[in-house]
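A.B. asks: Now for the letters of each chain:
There are 2 protein chains.
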Amino acid sequence: MTGAPASPTIGVFDSGFGGLTVLRALIDRLPHARYAFLGDTARLPYGSKSRRTIARYAIESAQFLVREQGAEFLVIACNTASALALDAIRDAVPVPVLGVIEPGADAARAASRTGDALVIATDATVQSHAYTAAGTARGLRVLEKACPLLVPLVEEGWTNHPVTSEVIRIYLDELNAAAAAQQMQPDALVLGCTHYPLLRPLIQSTVAVGVQVIDSAAAVAEAAARSFPTLPAASPHARDTEIRCFATDSVEKFQQLGSRFLGRPVGEVGLVDLGG
Amino acid sequence: MTGAPASPTIGVFDSGFGGLTVLRALIDRLPHARYAFLGDTARLPYGSKSRRTIARYAIESAQFLVREQGAEFLVIACNTASALALDAIRDAVPVPVLGVIEPGADAARAASRTGDALVIATDATVQSHAYTAAGTARGLRVLEKACPLLVPLVEEGWTNHPVTSEVIRIYLDELNAAAAAQQMQPDALVLGCTHYPLLRPLIQSTVAVGVQVIDSAAAVAEAAARSFPTLPAASPHARDTEIRCFATDSVEKFQQLGSRFLGRPVGEVGLVDLGG
Numbered sequence: 001m002t003g004a005p006a007s008p009t010i011g012v013f014d015s016g017f018g019g020l021t022v023l024r025a026l027i028d029r030l031p032h033a034r035y036a037f038l039g040d041t042a043r044l045p046y047g048s049k050s051r052r053t054i055a056r057y058a059i060e061s062a063q064f065l066v067r068e069q070g071a072e073f074l075v076i077a078c079n080t081a082s083a084l085a086l087d088a089i090r091d092a093v094p095v096p097v098l099g100v101i102e103p104g105a106d107a108a109r110a111a112s113r114t115g116d117a118l119v120i121a122t123d124a125t126v127q128s129h130a131y132t133a134a135g136t137a138r139g140l141r142v143l144e145k146a147c148p149l150l151v152p153l154v155e156e157g158w159t160n161h162p163v164t165s166e167v168i169r170i171y172l173d174e175l176n177a178a179a180a181a182q183q184m185q186p187d188a189l190v191l192g193c194t195h196y197p198l199l200r201p202l203i204q205s206t207v208a209v210g211v212q213v214i215d216s217a218a219a220v221a222e223a224a225a226r227s228f229p230t231l232p233a234a235s236p237h238a239r240d241t242e243i244r245c246f247a248t249d250s251v252e253k254f255q256q257l258g259s260r261f262l263g264r265p266v267g268e269v270g271l272v273d274l275g276g
Numbered sequence: 001m002t003g004a005p006a007s008p009t010i011g012v013f014d015s016g017f018g019g020l021t022v023l024r025a026l027i028d029r030l031p032h033a034r035y036a037f038l039g040d041t042a043r044l045p046y047g048s049k050s051r052r053t054i055a056r057y058a059i060e061s062a063q064f065l066v067r068e069q070g071a072e073f074l075v076i077a078c079n080t081a082s083a084l085a086l087d088a089i090r091d092a093v094p095v096p097v098l099g100v101i102e103p104g105a106d107a108a109r110a111a112s113r114t115g116d117a118l119v120i121a122t123d124a125t126v127q128s129h130a131y132t133a134a135g136t137a138r139g140l141r142v143l144e145k146a147c148p149l150l151v152p153l154v155e156e157g158w159t160n161h162p163v164t165s166e167v168i169r170i171y172l173d174e175l176n177a178a179a180a181a182q183q184m185q186p187d188a189l190v191l192g193c194t195h196y197p198l199l200r201p202l203i204q205s206t207v208a209v210g211v212q213v214i215d216s217a218a219a220v221a222e223a224a225a226r227s228f229p230t231l232p233a234a235s236p237h238a239r240d241t242e243i244r245c246f247a248t249d250s251v252e253k254f255q256q257l258g259s260r261f262l263g264r265p266v267g268e269v270g271l272v273d274l275g276g
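In the order they appear, the protein sequences are chains A and B. With the numbering used here, letter number 124 in the first sequence gets 124, and the count goes up by one each step, no holes. With the numbering used here, letter number 72 in the second sequence gets 72, and the count goes up by one each step, no holes.
It is worth saying that the hints were derived from the structure and are not from the lab. Here the structure is a predicted model, which means the values were calculated and not measured. Treat the hints with caution; some may be incorrect.
Since the list gives no way to pick out one identical chain from another, each pair is judged satisfied if it fits inside one copy or across any two copies.
[As the list claims (entries may be wrong)] Cut-off 16 Å, straight-line C-alpha distance, at most; resulting in silico cross-link-like pairs (EDC-like, lysine to aspartate or glutamate):
hint, residue 1, residue 2
1, LYS253, ASP123
2, LYS145, GLU156
3, LYS145, GLU174
4, LYS145, GLU252
5, LYS253, GLU156
6, LYS145, ASP91
7, LYS253, ASP116
8, LYS145, ASP116
9, LYS253, GLU60
Turn these sequences into a full structure, and let the hints steer you where they fit.
C.D. replies: Take a look at the structure:
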């Protein structure tokens with residue numbers, strides 16, 4: 001980014017609604033930017049799909065935000081797309097692109113004293129081992145686990161439900177056993193999927209004492225802010241921030257579920273046809 | 001269908017792997033047909049998407065089976081696509097098209113003595129009320145319930161897991177309470193999603209005594225067989241049946257999961273690009 005326009009448009013992309021938790025953190029940190037958010041809801045979830053398919057979908061979505069919405073900066077608010085398609089997206093658009101993996105790994109590195117961190121994420125993110133690579137580059141040992149049931153549980157609205165507690169307990173027990181088998185002493189757990197912050201209270205009550213739960217949204221907002229050094233930081237007028245939301249499928253569902261993730265009404269949602 | 005060719009090709013379509021349970025029933029009933037199966041795995045699940053999106057995806061898939069694979073008869077082995085896009089598919093291809101809703105409703109009508117039936121299915125199928133309409137046309141009162149967690153639980157492989165039992169119990173308790181509130185006396189439960197037959201043992205042990213669990217796969221195979229009166233029925237050589245499988249995403253995952261649904265190895269899987 002050369003210079004800093006008065007009101008730059010930041011494009012934020014996710015496969016669904018989860019990325020609105022990142023948009024929320026961005027608005028808190030950079031209320032004077034304008035935002036265009038796209039949820040590729042017609043093709044979600046990405047987490048169970050292949051690298052090739054994820055890259056194709058993510059590129060089409062990124063191009064929409066840059067070409068049609070004038071985004072001058074892109075935040076890929078989807079761990080799966082960040083893990084598997086960041087380079088492909090960077091090759092496809094002429095603006096800076098920020099993913100969520102690197103900021104999340106930074107936050108884990110800052111939080112961990114033992115140098116051992118755990119990551120829970122989707123199947124595709126875990127299979128990419130993007131968090132392990134980002135951790136290794138920071139001198140952090142990382143152990144990852146796919147938790148494919150957590151997204152559907154959030155989408156069912158069971159964010160404070162005994163079944164969800166039990167599923168989290170099972171996943172974390174398996175992860176802790178694997179960590180112990182490798183003589184790891186993890187003291188940080190990264191929520192490697194933008195749906196998971198809605199499960200934070202349940203996860204927090206299940207992790208071992210002394211393990212810090214890390215939601216990368218705030219770290220992503222901080223990293224984005226470094227690209228806009230002249231833009232004023234948070235103000236009490238954040239509610240006036242301009243947000244345009246788009247989805248590739250049912251805008252009604254987006255409005256209904258999206259407000260839960262954004263923490264306020266998402267407003268009008270535009271329907272976009274990406275040809276898939 | 002005019003006449004019955006010696007070895008007709010039957011195209012079978014699903015959003016994912018679940019439809020392989022229907023293919024299995026078809027092979028059992030019509031082992032002398034040839035089969036082309038397409039799983040639109042790059043865009044699954046359909047069950048949480050809108051009618052418009054589902055119809056577009058289903059039409060592209062149906063056209064692939066007819067135009068590229070020479071299917072002379074199509075079975076839409078996906079409740080969601082059958083419920084929301086059957087007419088659109090029929091308009092788009094020049095061959096007979098059989099969905100799973102009507103045969104399932106026939107089976108429920110035949111099984112029920114009280115005239116009251118329950119249906120569990122995906123969000124989109126339930127919202128379409130296709131089962132209610134098909135039931136009403138047969139003098140059957142139908143009560144439907146969306147069970148969005150069951151597909152992810154099957155895909156996680158938790159088909160015989162205490163969490164899955166608990167989720168089924170919660171869903172069926174809610175459904176039974178709603179039925180009681182309407183003075184219904186249901187004695188049939190239709191598995192309105194092709195993933196659910198893999199949960200049949202757990203569902204069977206949870207339903208009230210006297211309630212018959214109906215898997216529409218056998219009913220669909222029976223309905224298909226009526227279109228091929230001159231084709232020999234089941235033979236001991238069913239294992240020689242020609243099956244070509246295609247998927248729009250990771251063929252490895254298809255091979256791995258698909259065999260569980262088909263009950264035997266799916267063999268080579270071709271990767272298809274439907275442009276989405």
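A.B. asks: Compare the structure with each hint and give your call.
C.D. replies: Verification of the hints:
1. LYS253 / ASP123: Answer is between; shortest inter-copy Cα gap is 12 Å, intra-copy 25 Å.
2. LYS145 / GLU156: Classified as between; 13 Å across copies, 22 Å inside a copy.
3. LYS145 / GLU174: within (9 Å within a copy, 33 Å between copies)
4. LYS145 / GLU252: Neither: 33 Å inside a copy, 20 Å across copies.
5. LYS253 / GLU156: within (12 Å within a copy, 25 Å between copies)
6. LYS145 / ASP91: This pair counts as neither: shortest intra-copy Cα distance 29 Å, inter-copy 45 Å.
7. LYS253 / ASP116: For LYS253 and ASP116, neither the intra-copy (39 Å) nor the inter-copy (31 Å) Cα distance is at most 16 Å.
8. LYS145 / ASP116: within (14 Å within a copy, 44 Å between copies)
9. LYS253 / GLU60: neither (22 Å within a copy, 24 Å between copies)
When held up to the earlier numbered hints, the structure conflicts with 4, 6, 7 and 9 and fits the remainder.
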